[in-house]
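*Asks:* Spelled out from the first residue to the last, the chains are:
Protein chains: 2
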Amino acid sequence: MSNKKEFVKEIANIDEDFTQWYTDVVLKAELADYTEVKGFVAIRPYGYAIWEKIQEYTDKKFKEHGVKNVSMPLLIPENLLNKEKQHVEGFAPEVAWVTVGGEEKLEERMCIRPTSETLFSTMYSKWLNSWRDLPYLYNQWCSVLRWEKETRPFLRSREFLWQEGHTIHETAEEAKQFTRDILDIYVDVVENLLAIPSIKGRKTEKEQFAGTEATYTVETLTHDGRALQSGTSHYLGQNFTTPFDVKFQNRDGEQEYAYQTSWGISTRLIGAVIMSHGDNRGLKLPPKVAPIQAVIVPIAQQKGNVLEVAEKLKEKLSKKFRIELDKRDNYTVGYKFNEWEMKGVPVRIEFGPKEIENGEVILSRRDNFEKITVKLEEIEENLEKLLEDIQQSMYNSCKKRMEEKTTIAYNMEELERNLNENQGFVKTMWCGSRECEDKVKERTGAPSRCMPFEQEHLSDTCVCCGKKAEKMVVWGKQY
Amino acid sequence: MSNKKEFVKEIANIDEDFTQWYTDVVLKAELADYTEVKGFVAIRPYGYAIWEKIQEYTDKKFKEHGVKNVSMPLLIPENLLNKEKQHVEGFAPEVAWVTVGGEEKLEERMCIRPTSETLFSTMYSKWLNSWRDLPYLYNQWCSVLRWEKETRPFLRSREFLWQEGHTIHETAEEAKQFTRDILDIYVDVVENLLAIPSIKGRKTEKEQFAGTEATYTVETLTHDGRALQSGTSHYLGQNFTTPFDVKFQNRDGEQEYAYQTSWGISTRLIGAVIMSHGDNRGLKLPPKVAPIQAVIVPIAQQKGNVLEVAEKLKEKLSKKFRIELDKRDNYTVGYKFNEWEMKGVPVRIEFGPKEIENGEVILSRRDNFEKITVKLEEIEENLEKLLEDIQQSMYNSCKKRMEEKTTIAYNMEELERNLNENQGFVKTMWCGSRECEDKVKERTGAPSRCMPFEQEHLSDTCVCCGKKAEKMVVWGKQY
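Protein chains in written order, with the working numbering: chain A, 1 to 479; chain B, 480 to 958.
Take these hints with a grain of salt, some might be off.
What the hints assert, rightly or not - So, partial list: chain A residues that the calculated Cβ filter (under 8 Å) puts toward chain B:
(1) THR35
(2) ALA42
(3) SER71
(4) TRP97
(5) GLU159
(6) LEU313
Said to hold, decoys possible - Computed list of lysine-lysine pairs in DSSO-like fashion (alpha-carbon distance at most 30 Å, straight line):
(7) LYS539(B) - LYS53(A)
(8) LYS320(A) - LYS28(A)
(9) LYS540(B) - LYS316(A)
(10) LYS60(A) - LYS795(B)
(11) LYS539(B) - LYS385(A)
(12) LYS791(B) - LYS327(A)
(13) LYS628(B) - LYS314(A)
(14) LYS68(A) - LYS564(B)
(15) LYS791(B) - LYS850(B)
(16) LYS60(A) - LYS864(B)
(17) LYS68(A) - LYS767(B)
(18) LYS564(B) - LYS38(A)
(19) LYS540(B) - LYS799(B)
(20) LYS540(B) - LYS327(A)
(21) LYS53(A) - LYS354(A)
(22) LYS319(A) - LYS532(B)
(23) LYS60(A) - LYS385(A)
(24) LYS288(A) - LYS532(B)
(25) LYS316(A) - LYS542(B)
(26) LYS83(A) - LYS628(B)
(27) LYS319(A) - LYS798(B)
(28) LYS61(A) - LYS539(B)
(29) LYS542(B) - LYS385(A)
(30) LYS791(B) - LYS61(A)
(31) LYS314(A) - LYS540(B)
(32) LYS61(A) - LYS798(B)
(33) LYS85(A) - LYS517(B)
(34) LYS38(A) - LYS105(A)
(35) LYS314(A) - LYS288(A)
(36) LYS316(A) - LYS539(B)
Stated by the list, open to error - Among the chain A residues that face chain B by a calculated CB cut under 7 Å, a handful are:
(37) GLY66
(38) LYS68
(39) MET123
(40) VAL144
Because the hints were derived from the structure by calculation, they are not lab data.
Backbone N, C-alpha and C fix where the C-beta goes; we use that ideal spot for every residue, glycine too.
Pulled out of the complex, with its shape left as it was, chain A reads as follows (with noise of 0.2 Å):
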């Protein structure tokens, strides 16, 4: 035993230092790791593996709907970019810009996307002829960037990789109702596939994307009780089919610009499982989104038919679960109960020499560390139903804490009061405006996060200036 290793290296407690003990479980979980270029991550096997199951479930989704997918060039000249005034403003201060190409200057920079609606207007401008073409439903899995000053892995780093959805429509309707269709499927994602309650709404005029009419939202809240934007979409409206000359011949024989959308998920969505579901032994992943789903840790390996039952055990379950066999033999079985609680495998499988005589093995479920003994011959059944509830008990023991933490407030004082003790999100009434608005983010730090679909009337006066309210609004403060 003296040349095994025996534990895994500690990470911040959670709940003393939460930024660290994030950077610990993705640095220290294999999900990612910093790069020599500056802001910029490399997403190693496991957290790919993640990403990659995050992308199975949503392209499906997605192509029910008629989406197709498509590929963009990387650059945009800079003409393309300020054809859209309110999206040139947006984003050129955190672009990066190509000047040399092949040894020779550019006559044009270029820069390199930080989102794709330019390029999909003047591709439609010269597809587009007639309302019988439309809709046009496209997507694309690619990398973004933008130039961040604060970096975090997965949260806000200069490239991510994500989907951008670009969709143009015959009328204003249809493209609307698009847009919220798609926010559906967002929250399908983030709920059911991980386990991550949320709220649903539509952005403020002040925190919407740049060129939009209508930006739709699905907030979720980590571990500290921080808000993060999981997943947006908008109603673009024709702010860009009219300067990019996107224009079909209606019904009526007459030139109409078309109603457009765009929507996106990205790898932050993984920051989300990290930050939600964590604990102080590090990742916890929901069954359905993990790469392993369960375990197999023999014990006393090297004794009778240990390893050849875990071998045929491994056989077995592969055929309807993502299962691994850790037979190493230069660790402890310790050391590898904690590496695999570190990565948030849903299930362990342990048995040894006295298991295996009583036809038994133990399951050990990462989330609340029970145990059950099964026998053998039945574990395929077990291991089901125990994966499916995992799934769901993770799901409830995050909403459960999201209602813990959403309060209300119907004054100023209370919102600060709320926003710096609960964290969480905190509901107010609001009159609408911008000056309020802005009050709110100076004051608290916390910005809108929406305007949650589910509406409440919880008094008749803005929490800022005690106005007539309009709506109620959802604040929180954010990574």
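Fit chain B to the given chain A structure using the hints.
*Replies:* Below, chain B without anything else, positioned relative to chain A:
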């Protein structure tokens, strides 16, 4: 009928102007389109769906070989690119440089990756400790940039989509074997998925990748007899691991540099499919990679229950095949036939009131235009058999063409004549000198394609200098 569009536009004759024919097919089959970014294309849904099929097939094979996907940064700082001498010489002249990020001039400029050996090597250096960690078998699906002067959609673009695999191993032997295993996957993709016969072999030193020990290649032949490099796998030895300090403690307790491979296929394969299989009606897709395997085109669809039968048939067949139903009412049947032929859909399913009455449908093959009439209730078995047969026939007819266009030359006159008259591959013996290779290129315009694994002894002397021959080489003009 007066209002209906009659025929798709003409494309250039494949035997008179192959280059124009290629461009016409790319545009008119809606595979890709030019953009406002010079040298960059937009890959449209139909083209991208072919790429998705290639990805799906290939990614599965990679994973069966233990390969895991990751994501590395898009940008490479100049000092990293400069670390391996041959590599920087090969790539520096054709990269795009980012010099400004977020409104500030960068202290060190960065290039957009033309390939990522440098980034993978840097990370491997950070991660690798012991022989027990090896091998690392990583891959990424992404896009890369190379600032080409002359571009053509799919074949040579400033940006292209690809996968780049990068592995490190404990021994040279293992790395060499892995390089060859990957090449076998590429041959499988090209021959079995894309129905294109190939020659596989090793590149000469002159033609190999910048910074490699050995490059292995899959070479295919286009309709007009040009060679197309369709996939390459490189054994890099310790060329990168030494300057990048990728070392590990070996089994003897000593520090040793790891042995490396890299390998890639790209959207160029879509170009290979177009150029290998197409004809004067347009694209011709092998069933296994076709986004639509059969299209239902009802005749006289406004009559009786024609549309109803068509819808039911689509639903039934979609469980097993990729099916499209063309029920547009503003196009003639003739137009639809032409359009689906242009798009290369392997089988067209036709029927009208008469066929329905007889309980029959007509299956029309895209590859040889043969039609068969089958019972409606037996359509599934018939379609399955037909698709298999088309896949095999398409391979066979390419194979026949490749054999016809593969000749032998014993001296420079023959070599030049064969390359000019017959195009195709020309086999010769070769002394192994760079001088002779340069002379052949200069006189014929054809570089060497590879030294095939299946060597033949054609004669004792080099085709160029007449000295003792060392190897059989295949030559061919390329795109």
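*Asks:* Going back to the hint list, which numbers does this structure go against?
*Replies:* 6, 12, 13, 14, 21, 37, 40
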